[in-house]
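Chain by chain, the residues:
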Amino acid sequence: DQQVKQNSPSLSVQEGRISILNCDYTNSMFDYFLWYKKYPAEGPTFLISISSIKDKNEDGRFTVFLNKSAKHLSLHIVPSQPGDSAVYFCAASALWNQGGKLIFGQGTELSVKP
Amino acid sequence: GAVVSQHPSWVICKSGTSVKIECRSLDFQATTMFWYRQFPKQSLMLMATSNEGSKATYEQGVEKDKFLINHASLTLSTLTVTSAHPEDSSFYICSAGVADPGSGQYFGPGTRLTVT
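Protein chains in written order, with my numbering: chain A, 1 to 114; chain B, 1 to 116.
Worth flagging that the hints you see were computed from the coordinates, not collected in a lab.
No false leads were mixed into what you were given.
No more than 16 Å apart at the CA atoms, straight line, and that leaves these computed lysine to aspartate or glutamate pairs for EDC-like:
hint	chain 1	residue 1	chain 2	residue 2
1	B	Lys41	A	Glu109
2	A	Lys113	A	Glu15
3	B	Lys41	A	Glu42
4	A	Lys37	A	Asp84
5	A	Lys5	A	Asp24
6	A	Lys5	A	Glu109
Isolated chain B, as found in the complex:
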């Protein structure tokens, strides 16, 4: 099956710094990738839809200047959390869309971000 990887799997950073999370589709090309965040014991909330070669589409309430998304190739999308604050601490998960809608999306293993 299709594999999506994320790097790093966990990261600790200080307030005010920026953190970049990578999402790669390892054995297929993904025109569209999605970024989610999950707080403990809560649902996965879609943050943005990333399309290769174009600007990301952000969900309502998500600050695009804070969560920078770049989808420069068909196998790589990056999420950069700029000027991180403790409230940005969360579990960030990416996924890649596939041609068969019945297969949903393939999810990465997630990245645990802790901002101190």
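Next up, chain A with everything else stripped away, as it sits in the complex:
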């Protein structure tokens, strides 16, 4: 049972435009949702998170939107830069469950073309 899903395995965007990465989840008990950026053969790097009680969180070029009724969240990157090219993972955690273990989506590979 895939509790966190990223249905787009890849996304290609032109430099300067907006990148929108999507994520869906099934468990309404998740407390936090997080986005990680990952390069091959490296550990994930934390980007931004959002609490389940909020619907938007912004940090520089990165904004995460949460739609609880739809059990959907998205990461917006604007403007996109070539250095943003990486695999982006959506993750969810529930504090009541083993100290907040993370459940990851399948990842979306973002390619930002100059």
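With chain A held as given, fit chain B onto it using these hints.
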């Protein structure tokens, strides 16, 4: 920010041997550490949750006798892959939980294990 290291960064071993991977929190204490594995172009799959001073909690389908986890101190957790087989070849990543849930976890750089 918090730093998590892993050692070794890559290892090649023969089938039937055991391999130990270390995960250290360098500038903070981690009561809870997590171990993940990632196959090429796939998601990070949680293997187990490691709590200092107690037995690890394994995810469904993960063989606890094959993947031995020890969390003897607040800065060190180890994963030992026993009697390794080629299908155990994967990228193993550890992470440390932090107090602020909004910060998620701090991940190590990963260990590439190849079993020949």
